[in-house]
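Colleague: The lines below spell out each chain.
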Amino acid sequence: MFQVRIHGRGGQGVVTGAEMLSVAAFFEGRHAQAFPSFGSERTGAPVVAFCRIADKEIRLREPILEPDCLIVQDPTLFKVIDVFGGLRGDGYLLINTNKTFSELHIREIAERLPKGHAVIVPATEFALKHIGRPVPNAALLGAFAALTQFVRLDSVERAIEEAFPGKIGAANIAAAREAREFVLMQQHAESAA
Amino acid sequence: MLKQIEGSHAMAEAIAMCRPEVICAYPITPQTHIVEGLGELVKGGSLVNCEYINVESEFAALSVAIGASAAGARAYTATASQGLLFMAEAVYNASGLGLPIVMTLGNRAIGAPINIWNDHSDAMSMRDAGWLQLSAETNQEAVDLHIQAFKLAEELSMPVMVCVDGFILTHAMERIDIPGQEQVDAYLPPYDPVQVLDPSEPASIGAMVGPEAFTEVRFLAHYKQTLALKLIPEFSDEFRKTFGRESGGLLRTYRAEDADMVVVAMGSVCGTIKDTIDEMREDGIRIGLVIIVSFRPFPVDALRNALAGANDVVVVEKSIAVGMGGQLANNVDVALRNLPRPPRLHSSVAGLGGRAITRVSLHHLFRQASVQPWEGTNFLDLNERVVGREIHRTRKTRRSGPTAENILRQMAESGRPAAE
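Which chain is which? The protein sequence lines are A and B, in order. Residues 1164 to 1356, numbered by my numbering, are exactly what the first sequence covers, in order. Residues 66 to 485, numbered by my numbering, are exactly what the second sequence covers, in order.
Be aware that one or more of the hints could be misleading.
What the hints assert, rightly or not - Counterexamples of contact, computed for chain B against chain A with all Cβ distances above 12 Å:
no.: 1; residue: 72
no.: 2; residue: 335
no.: 3; residue: 424
What the hints assert, rightly or not - Derived CB-CB ranges, DEER-like:
no.: 4; chain 1: A; residue 1: 1242; chain 2: B; residue 2: 119; range: 41 to 47 Å
no.: 5; chain 1: A; residue 1: 1174; chain 2: B; residue 2: 457; range: 56 to 62 Å
no.: 6; chain 1: B; residue 1: 320; chain 2: A; residue 2: 1271; range: 42 to 48 Å
no.: 7; chain 1: A; residue 1: 1252; chain 2: B; residue 2: 114; range: 57 to 63 Å
no.: 8; chain 1: B; residue 1: 267; chain 2: A; residue 2: 1208; range: 21 to 27 Å
The set of hints was computed from the structure by calculation and includes no laboratory data. Idealized CB from N, CA, C, for every residue including glycine.
For reference, chain B alone in the conformation it holds in the complex (with noise of 0.2 Å):
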């Protein structure tokens, strides 16, 4: 059923439909509306047999999500940002111990300095704990990897985590198509958990490993993962024939079949991209994007299938390792490699903090890779000369005070606006 309905609202009516027994709920900006909205349908009566936590940290969410699944229950919870790191040690927990929670990242930025605003760093600094993750381009597509995501965590026993940009998407009122009861319970099976604490059946999960097996358990769970790029397309393709509709899947193209560019990007900035693309089209510039939903497991396969025929690729992403690089240029790059004659790779960094990505940017960026390509790392829209102005002062002055500070400090004098 279309409904005109906020992101964040329309995902807590998805995951409801899902039927989870288990919410664990602890609230941080901006995935706060989705649990609220779950609170609100477990309160009215809409979700039964559901138990509603409200525990006292992010790490208690998902440490009482992770007793939850080891006991039976489809448990769920949700974070972003600073919650995500707080939880750090159960984020491995859930994944080690294979248990198929599902949990909602409102990709917010990391501090300090602190900000609240929208990029991925939060989903980067997890890249590696062992959960899958997945990216929702649209609004509707959080919707549909939610139901997916069940499916799949549930059928490989493994945590998933579904990426959605915070406030971009969290906070945006569109038109959602909000599925059936009847259709998710056709597509979503009751859980049947794959291993499970049950007094009847006495067993221990969570055992300590030694050197003789560590290797052969982290085996498995690399294994699981490299399944998950099977399941993940057969799920989207399940998907549609149930829904009526594509969503999900490792990876998408768009106009990518004969371009000589190719952008490589992942989440909502794909939209814009979208219509810068159809932009340089009209001008004869043969440009395509791939938009990466599975970012775990990495796509590699599919991903260098996609850009084989590409001059150039264009990594734009809103994360930074400090010190190596764009992290999904470096994923990139390991799929480009092996390619008889591999595309030329450039890395932009976009969007970090909730500045806004513009179309404007985007042209100048792409134009710029073509014409005259950067070394190392492009940051889209850096203020050269607020940098330049610092680096400068700081060589002059030992005492040079904090950064941030600085920076705003300069900003205001010169009455340019420190956002945007």
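Okay, chain A solo, but in the shape it has when bound (with noise of 0.2 Å):
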């Protein structure tokens, strides 16, 4: 089973988030589970939500306190809850930042990861291009599918797809492709040096 949880605040589409990669694993005949936090969804509030996979029934109903994937949607949030919480020593680190991980003071975090499996992605910055509004979650989904391998990217678009048909899900489309190409970059200048 593979756990991934998602912080951001009320407003980014934090819980879409989750329910579009739950339905792009659906796509590939897993099994997903995708829940929010159950909070009073207010804008700007913060918000997590939860998406299991697995290849068998997911019958487990607690929340995701280990997981092998976050992604944070808003780091302004490491001063306000651990967002860190219970990550797995093997796990992935997705950060929707312009900032550089000395710069957001959790160097350490990442560094203490495999190689490879921390990244910053400023998926706002291609959410505003894209879409013209910041809501970076669609491509911090194509941005997930390069860093895991765990979808692939054509199943985030189908997924994108269902969520918002038409003009917006292409706008959505565009921005996850964008994110998916930057961090392959990454990976790429990073395997290099």
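With the hints as a guide, dock the two chains, each given alone in a separate frame, to form the complex.
Modeller: Shown next, in the form of structure tokens:
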């Protein structure tokens, strides 16, 4: 079972992001379970959503306490809640930012993970460029596909299309593709270095 | 057809396939997505011959459903928590009049203190109101139980409440097999009421009944629920034959055949318990589970048979009768009482107001039940330090203030999160 926890703020599409990821996994014939943190969802309030992916029926109903991957949609949350709690030693970390790990003061955490498992992506910038709104969830799923190789980009694109048919979907897919390219380039640069 | 879909929307699709003729909707978290989904299906034209009525309160929601059902329409509504309390008088009327309404309950805690999260307090508040109460373990079962509920309700002419864990199921998106309309039509015949308000054959429903006949009316309501003990497994069997999967029934067992310790629980927590049992089985511990699907009628005989071989029974439930203990544990006790060698009964109250029930805590609980059993009611993951300090403080200070606010302040000061 692969477990993903997404942290963000109300209005950033955190829950929709987890749901689209579950749909992408479903398209690949897997079992997936996406669920929100069940809070009062107000714009700007911290929101957590979860997604489990497995090859057999998922029976577990506890929150994800030890994620295999953390997606952080808003790095200002580091000061508010324990975002990194339970992240597995061999896990993945994906952060929406245009800063570096050092600038965010989380370099130590990123370096504890295996090489290439922690990446930053300016997903909000990609969202503003393609969609015109600061909604980074779809872009981050594109980055997730590149980082973990756990779902294929075309499954993510189908999931985005299902959630947002038409123009908005196409714009989100463009953001997801750019984020994917961004991660692949980062990984390429890292392995060359 | 397999879909990756939110539980609430899957239920809405299944309920629509049951061809309800009147849907009474009033929003309350966490059931709102269900009636919203049904509203979309009516407005979009895929659910035809259905009047979707936005009412002004929960009391109106069930009252309109009662009127619609008495007039011969297949009627549906949904609610949760305080909404169920607000319709309480009508809840008793629906069952007392014997009207086959189906209602979804998106299980949620009852305030005060106000809390929107999941537990079973709402279902338990109406456990003696004369409705059948079925509890879904998964979203697949939530879908399936609604289809069975209409058939049961109409066969018995009694209302059925389908209890679905709020948020944990209603808001979870997962793989669900949505049946086809022709399958549902084959399973669920058109509504043929046993009583109906019909101008061409005038009759009244809702007579005042005095001491000369009230007991007889109540006896017959109880008798109908004993009939339900036979019908529920029959309709579950029939469901399996039509739809090709197990859903419903009075109860189900999981690895319980040779178990020394058997856990009894209801609803979505059974999934987490199954995973915990698998882990403990790997350590050689003989532990199993009984999942109660039908809480009303309560399957005393079936449960007694399922628990007869156990040494220890641990009841895990998301509700507390304050001053008495867990309601489910008390009901399980009735089933155990007349066994020649009754197992030891251990009662644990867990998951109140949405507190997560984790495998780690369940492991600890089940081990404790076998090696160091507790007296009375165990509160899973109770923060003993916090309650201890509050008890101490209230003893010292006459005007000690409101409990909820005091606890929150204490937790904020000690830097612990108030939830989970």
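Colleague: Does each hint fit the structure? Answer for all of them.
Modeller: Results for each hint:
no. : hint                       : result
1   : 72                         : violated, 9 Å
2   : 335                        : violated, 8 Å
3   : 424                        : violated, 6 Å
4   : A:1242 x B:119: 41 to 47 Å : holds, 43 Å
5   : A:1174 x B:457: 56 to 62 Å : violated, 43 Å
6   : B:320 x A:1271: 42 to 48 Å : holds, 44 Å
7   : A:1252 x B:114: 57 to 63 Å : holds, 58 Å
8   : B:267 x A:1208: 21 to 27 Å : violated, 57 Å
When each numbered hint is compared with the structure, violations occur for hints 1, 2, 3, 5 and 8.
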